[in-house]
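Residue numbers (our numbering), protein chains in the order written: chain A, 47 to 162; chain B, 62 to 676.
Misleading hints may appear alongside valid ones.
Said to hold, decoys possible - Each computed SDA-like pair below joins lysine to any residue, with the alpha-carbon atoms no more than 20 Å apart:
id, chain 1, residue 1, chain 2, residue 2
1, B, Lys-184, A, Lys-71
2, A, Lys-93, B, Glu-232
3, A, Lys-142, B, Asn-149
4, A, Lys-94, B, Arg-138
5, B, Lys-352, A, Thr-87
6, B, Lys-230, A, Ser-70
7, B, Lys-356, A, Ser-88
8, A, Lys-123, B, Arg-134
9, B, Lys-184, A, Glu-104
10, A, Lys-68, B, Leu-151
11, B, Lys-165, A, Phe-78
12, A, Lys-68, B, Lys-356
13, A, Lys-81, B, Lys-181
14, B, Lys-181, A, Ser-108
15, A, Lys-58, B, Lys-356
16, B, Lys-156, A, Glu-104
17, A, Lys-120, B, Asn-149
18, B, Lys-156, A, Leu-59
19, A, Lys-58, B, Lys-156
20, B, Lys-288, A, Phe-78
21, A, Lys-71, A, Glu-129
22, B, Lys-548, B, Lys-573
23, A, Lys-132, B, Lys-548
24, B, Lys-288, A, Lys-71
25, B, Lys-184, A, Lys-94
26, A, Lys-142, B, Lys-548
27, A, Lys-81, B, Thr-146
28, B, Lys-156, A, Ser-138
Claimed, not checked - In silico contact screen, one side only, chain A against chain B (beta carbon under 7 Å); selected entries:
id, residue
29, Tyr-77
30, Glu-97
31, Ser-108
32, Ile-140
33, Ala-141
Bear in mind the hints are in silico, worked out from the structure with no lab data behind them. Every residue, glycine too, gets a C-beta built ideally from N, C-alpha and C.
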Amino acid sequence: MNSINKKNSSKKLYLLFDEIQKISKNRELNYFDLKPIKERTSYYSDKKVSEISPESFEMESSFTLDNFGSLLEKHWKNDGSDELLKLIPMISDIAKEFYNVEKQNTDVSPFIYVMF
Amino acid sequence: MGKNILGISAFYHDSAAAIISNGEIIAAAQEERFSRKKHDPRFPINAINYCLQEAFIEPGELDAIVFYDNPLRSFDRIIKNFIMTGENGLAQFEKAIPSILGVKLWIQDYVKNSIGTLGKIDKLLYSEHHLSHAASAFYPSPFDNAAIITIDGVGEWSTSTIGIGNGNKIEMLKEINYPHSLGLLYSAITYYCGFKVNSGEYKLMGLAPYGKPEYFDLILDNLIDVKDDGSYMLNTEYFGYLDSLKMTNDKFNSLFGGNPRDPESRITYREMNIAASIQKVLEYVMLKMAKYVRKDTGMENLVLAGGVALNCVSNGLILKEKIFDNIWIQPAAGDAGGALGSALAINYLYFSQERKLNPTGRDSQKGSYLGPAFSNNEIQAFLDRNDYPYERIENGDTRFTKIAEALSEGKIVGYFGGRMEFGPRALGARSIIGDPRNIETQSKMNLKIKYRESFRPFAPSALAEDVSKYFEMDVESPYMLLVAPVKEERRLPFDLGNFLDNDDDMIRIVNKARSDIPAITHVDYSARVQTVNILDKPDYHNIIKKFKEITGYGVIVNTSFNVRGEPIVCTPLDAYKCFMRSDIDILVLEEYILHKTNQPNYKDKENWKEEYELD
Ligand SMILES: [Fe+2]
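Using the sequences provided together with the hints, build the complete structure.
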């Protein structure tokens, strides 16, 4: 990433942060409780699905830069987090800029365990 | 048809790979052992290559490849966390978002780039983080059915889960979710006491016996609310991990009356007391949870995994209270073990393979000796090529006797034999061993080998059949995950209170003999016991047996084969380097014995003391 691109990416990063702040202010949000609720008798929650199906391992399988946005959209629609959907284009955009999967871990030589 | 499955964990802490074939655990290893970077979190390409090679499996022959965690759901948590924390979260946001959107989400690309395939099903599978832990605890256990508890910092949203394993099935029943986390609470206090989060927790546990739990009520009144069933919630106002790059915040500091300890500064009574207090809180929660789970599930057996399950003091207490008839703990309880667990989950829950218990009644973890081994030919070639003088003793009996004799004379031995251990503890395949009767063993091992002073004593390896002669313990502890008291009749009078009143130099205290096996007895007379069964590790068992023939003691000192801050050695070259960099007297590489006094001058090319940092 050259320095101009770097600047653009960090600008996008702060735009996303601003957008998150807007959601944060505009909604009566409660993704989780911040303090104990002493009246409750137990703090365990039941797992939504206790039995594990083979499909559960595939649900979000094979996500790549190309389909990540649509999988995230599906996920947020499913769990009722519609207020987050407008973040997805920005998130996808930032992912494209920051994407940094190297061909190899260059500073670690492969096959060292047969090193001599 | 049996399935070949590769499991991978990466990008958070201690990445690893594991391979199973037809339900059998063939190989598992942490990346750090190959890359020589402690707790290496990078994509574990070396560990993957090793696993494939050990299993004689080409990447194209893999039926499935699975990642131990679902990064999309972790991303969901991260975004929602930033919405909850508002503007305060900026510093964490700037750090977290580029790393997750740039690297951590794209496991599939990493897999494709490194081995060129996603397996026969042509898609990467994801196992939920705590399901991976649960599977790592249940499937290798010797139980047909068991209750399952997993507890760690956080994985996706979960921080603790309760489940049931039955045959080849696992059901996940209950959970506690982020930000309420016993693991993060323990880590926050680890940080506050000046130790490294994710690795210093073990030190905090070792510090606890020096202190008094004076802050126990303070923690329960302010930081965590615990219900009778062991469920809990934290008051997040005191913690920094939600919205900063620190674990604790100013409010936490004022509650405990001061800033976190500077890692370089001396440990004081305050840290000892805080360590004792959080340890007591952890045990308080774990005991309640275990009792509830026993009652709720009706199961007689318990299996445990997740980073908190490495707390062998709390494990020892659950055992002592006899809440369950039997307990099994995954030795790679941290996230490295998630690689193994996710592969097992796919075998049984995705491919519905039949589960066969080990017919001997023992577990299927193979003693956790799941890493690389080196043949005598390879070792000889290495020694000859470098002109390192050695003596080869092919006869096992003679060799083990020779090692035992050296130990009984106070020599420190670097022992390298068989396949490397999977998990954080050295279990006699890559171990530095010594004489536990000798009061000097401890300080010599600390100062001249580990290059550190430690307030923690070393761990004992005892013959499984003799363990109750030394410790108040009548079960096996093959993975050093249980703490037990040294037998009453072996103890020497020692009043910690007296000591602390006059002197807070813990090193002097720990170096004072407290039993007839002083090198392994902690200040509260406890020991982190490894029992050695001849079925798991015959060579190591034999060394201890010979030591017993000479000295009358069926127990030796065992510490990991590394210098401070270095990953445990993997290859003969790593072992040789560590041997020459330290005051280890004798190096054993399978059938080859090397004496320090015979070795040529060793010129270190690397500036290793700076290379490795402290936990
Ligand atoms: Fe975990």
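Hints, verified against the model:
1. B/Lys-184 / A/Lys-71: 39 Å, violated
2. A/Lys-93 / B/Glu-232: 10 Å, holds
3. A/Lys-142 / B/Asn-149: 26 Å, violated
4. A/Lys-94 / B/Arg-138: Cα-Cα ~17 Å, so holds.
5. B/Lys-352 / A/Thr-87: OK: B/Lys-352 and A/Thr-87 at ~16 Å, within 20 Å.
6. B/Lys-230 / A/Ser-70: Between B/Lys-230 and A/Ser-70 the Cα gap is close to 41 Å, so the pair fails against 20 Å, i.e. violated.
7. B/Lys-356 / A/Ser-88: 15 Å, holds
8. A/Lys-123 / B/Arg-134: OK: A/Lys-123 and B/Arg-134 at ~13 Å, within 20 Å.
9. B/Lys-184 / A/Glu-104: Holds - the C-alpha atoms of A/Glu-104 and B/Lys-184 are around 8 Å apart, at most 20 Å.
10. A/Lys-68 / B/Leu-151: Measuring from Cα to Cα gives roughly 14 Å; hence the hint holds.
11. B/Lys-165 / A/Phe-78: 24 Å, violated
12. A/Lys-68 / B/Lys-356: 47 Å, violated
13. A/Lys-81 / B/Lys-181: Given that 20 Å is the threshold and the Cα spacing comes to 47 Å, the pair is violated.
14. B/Lys-181 / A/Ser-108: 14 Å, holds
15. A/Lys-58 / B/Lys-356: 52 Å, violated
16. B/Lys-156 / A/Glu-104: This hinted pair is violated, its Cα atoms lying about 29 Å apart.
17. A/Lys-120 / B/Asn-149: Violated, at roughly 29 Å.
18. B/Lys-156 / A/Leu-59: 11 Å, holds
19. A/Lys-58 / B/Lys-156: 14 Å, holds
20. B/Lys-288 / A/Phe-78: Roughly 18 Å between the alpha carbons, so the hint for B/Lys-288 and A/Phe-78 holds.
21. A/Lys-71 / A/Glu-129: Distance ~12 Å between A/Lys-71 and A/Glu-129 Cα, so the pair holds.
22. B/Lys-548 / B/Lys-573: 18 Å, holds
23. A/Lys-132 / B/Lys-548: Answer violated: A/Lys-132 to B/Lys-548 is near 65 Å, above 20 Å.
24. B/Lys-288 / A/Lys-71: Judged against 20 Å, a Cα distance of about 33 Å means the pair is violated.
25. B/Lys-184 / A/Lys-94: 25 Å, violated
26. A/Lys-142 / B/Lys-548: 62 Å, violated
27. A/Lys-81 / B/Thr-146: Distance of about 14 Å is within 20 Å: holds.
28. B/Lys-156 / A/Ser-138: Judged against 20 Å, a Cα distance of about 17 Å means the pair holds.
29. Tyr-77: Since the shortest Cβ distance to chain B is 4 Å, the answer is holds.
30. Glu-97: Check passed: Cβ of A/Glu-97 comes within 6 Å of chain B, closer than 7 Å.
31. Ser-108: This interface hint holds because 4 Å falls under the 7 Å limit.
32. Ile-140: 5 Å, holds
33. Ala-141: 4 Å, holds
Hint compliance for this structure: hints 1, 3, 6, 11, 12, 13, 15, 16, 17, 23, 24, 25 and 26 are broken, all remaining hints hold.
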